[in-house]
Structure formats: C-alpha cells, structure tokens
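With the sequences and hints as input, model every part of the structure.
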Amino acid sequence: MSSQKKLTVAVIFGGASSEHEVSLMSVTSVLANLSEEKYEKVMLGITKNGHWLLYQGSIDKIITGEWEQDESCVPAFLSPDSHTHGIIVCKDHNTEILPVDVIFPVLHGKNGEDGTIQGLFQLSGIPFVGCDTLSSAICMDKAVTHSLLTATNIEQANYLWFYASRYETAADVIRNKIVARLEFPVFVKPANAGSSVGVSRVNSADEIDAAVRKAAKEDSKIVVESGIMGQEVECSVLGNGYEAKASIVGEIGASAEFYDYDDKYRNGTSQLYIPARISEETAEKIRETAVRAYRWLGCSGLARVDFFVRESDGAVILNEINTLPGFTSISMYLKLWEATGLPFTELLDELITCAQSK
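In my numbering, the protein residues as written are 27 to 384.
Because the hints were derived from the structure by calculation, they are not lab data. Just so you know, even glycine gets a beta-carbon here, dropped at the ideal spot from N, CA and C. Hints should not be assumed to be uniformly reliable.
20 angstroms max Cα-Cα, derived PhoX-like pairs, lysine-lysine [said to hold, decoys possible]:
| hint | residue 1 | residue 2 |
| --- | --- | --- |
| 1 | K67 | K87 |
| 2 | K31 | K64 |
| 3 | K271 | K240 |
Label pairs and their computed distance ranges (CB to CB) [stated by the list, open to error]:
| hint | residue 1 | residue 2 | range |
| --- | --- | --- | --- |
| 4 | G76 | K384 | 20 to 30 angstroms |
| 5 | P125 | E337 | 46 to 56 angstroms |
| 6 | I89 | P369 | 17 to 27 angstroms |
| 7 | T73 | R336 | 41 to 51 angstroms |
| 8 | I85 | K384 | 24 to 34 angstroms |
| 9 | I300 | E269 | 45 to 55 angstroms |
| 10 | I123 | E209 | 49 to 59 angstroms |
| 11 | A231 | E310 | 36 to 46 angstroms |
Given below as structure tokens:
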C-alpha cells in the first residue's frame, strides 16, 4: 500500500447562477468518481444567494438541495491571501484555516466560469482545475469569443451583437441590421450565459422583440447568429497549452428545436452518437480546430468545443467553447473521453495534474 499523502481537494459547487441546479448534478457525479485513495475531499458549497458553506454531510443530499439545511454546514470561504493557502472556516465564534492543495470548481454559468471566481483562485495561490481568469471571461462572452476568432481562419456563423440598452432606444435600426446581414432562422442569445439559458430560435423579424427581452433577462449584451443547417457535434479538449489534446467527436441529435437546457439536463431525450456520423477527414478537422481555438483563446485544463457540420457543403463551423462543461451522467465532455479510452476517474486525475502543472 502506498504511503503517499493524499491531496486535499476543495470541490466547489452550487453558485449564484441560473445553472445552480446543473452544478449540483455535476458535482454529485464528480465526488462519486474522485479517488478515495488519492484525495481528501472538501466540499465547499455556494447557495443561490451567494452564501458560502463548508458541507460535511452525505453526497446524496447535494442534488436535492437539502445540503444547505444540513447541520454539518458552517460558514466558510476561500482566502484571497496566498499565505493562507486554504479555506477560512467560521465555527463557534472562532475561525480556523483548512489547508487546500488543489481547487476543483464544479460551477457553471455566471460567477462560476466567467472569470470572476477564477480571479479569486489566482489570488489564493492555490492550483485550480480549468481556465484562468482571462480565458474564462473570453470564452463565456460569446461576442468577445466571436470577435477574437474572427482574426483566425476558423469559420463561424454570421453574427452581430449589441447591448440590450441600445435595443431599447434603437430597436428598428438593430432589427433592420439583423434582417440585412443574417439569414433566418437566427438564434438570439445572451452573450454571457450557458446551457442555452435565455436562447431563442427566431424565424422572422416579428419574433425578434420577444427573443431580445428573454435574452436580456440573463445578460445586458445580446448576440444574434445565423442558424446553421447541419449536424451538431462536440469535441472535448484536455491539457495545458501545447500539451492539449482532443477526444473523438460526438454528435447530438436534439429532440427539441435546438439542444436547449431541458434537453441537456432534464429530459435526456436527445440521441447521442459517439463517434459522430461524419467522415474521418471531417472528424480530424474538428479535432484540430478545437485544439487550435483552445490554444488561441488561452484555455487550460479543459473545455468542450461545439461545432456544426453544415449540410450544404460539409463545412466545419465553430459554435462556442464551454470552459466548465457539465459532468452529469449524460454530459458529453466525459462521455467523449470515456469513448476515447479515458475513464471518468482517470480523467479527474488528469485534470488535477493539469491544475498542478500550470
């Protein structure tokens, strides 16, 4: 038996985000698959209203939300002081320091993968799984991602973006630009949101107002993209810098008009094809493009890169990059790595190794 000391891994979950419930599903899966032999697991939960709690109860209570009321919970937070290198636990009118070796955020959406909490991780001086502050912020903001990728030869859907406040004063001007520059159907999206929250498929100019109002509930910046007729495919990327590697490519046969929140996390009715029903040449182009975009945008650790393969000409169109993809039992990121030959537990080991070697 190895006498090697276990690494203390702070697994952070929940979050003040519209994707709070997705995080609860993901973290339940992560905690169940993190090696008991290698890691001492510390569960640090964040409620929807932003309250941080050290949780020491059963993993089963996380997915239902019961964990928040558990008697084991005590207020705790990650220290931004790099000399502390851990969690400040507030108990019985006293504070104590819980040292941490690695942070594993299992957070989605705003305040989880948009660079805000990554800035705190960087201040803490503790190695953490996933992209840094800048690359997280870039990839979360679809308008910025589009703008930066325009400087490469990576093909994207035609798009435009604007602030919701601008739409309130110049709706006619923006509607006319959408009609002139893009082809219907278009997708109206909040620039900063994940899991297709706030996204609408729009088939005519008459539907734009309602779609913008829906998207504006999630973010002050709106992106509109031309719809692409074709297969929706995804590729998982793992590693740091030029060590990054891509998984095999998977395909999603969405059961809804598009692969929306319910389809991803509630219904589970979409058909997944692993490997994707595409040629080897197309699959290789997707894998190469995924890694190139990942490096260009400064990603590290992990990301899932989503594409379309256009029906008319077979062109590979990059849709978006997700820097903290889901880890639920039906999530593509881990399914693709499992199909590539990397089981979930070993994938988690690699992610922690990547965190330590950044």
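Status of the hints after comparison with the structure:
1. Taking the CA atoms of K67 and K87, the gap is about 16 angstroms. The hint holds against a cut of 20 angstroms.
2. Between K31 and K64 the alpha-carbon distance is near 8 angstroms, which keeps this suggested pair within the 20 angstroms criterion.
3. Between K271 and K240, the direct Cα distance comes to roughly 37 angstroms. Violation of the 20 angstroms bound is thereby established for this hinted pair.
4. Between G76 and K384 the beta carbons are some 27 angstroms apart, a value that agrees with the proposed interval 20 to 30 angstroms.
5. The given range of 46 to 56 angstroms is respected by P125 and E337, whose C-beta atoms sit roughly 54 angstroms from each other.
6. Checked against the hint of 17 to 27 angstroms, the C-beta distance between I89 and P369 comes to roughly 22 angstroms, which is consistent with it.
7. At about 43 angstroms, the CB distance of T73 to R336 agrees with the hint of 41 to 51 angstroms.
8. Look at I85 against K384: about 28 angstroms separates their beta carbons, and that is inside 24 to 34 angstroms.
9. For the pair I300 and E269, the supplied restraint of 45 to 55 angstroms is violated, since their beta-carbon distance comes to about 24 angstroms.
10. Our hint of 49 to 59 angstroms for I123 and E209 holds, since their Cβ atoms are close to 57 angstroms apart.
11. Hint check: A231 to E310, Cβ distance near 40 angstroms, so the stated range 36 to 46 angstroms holds.
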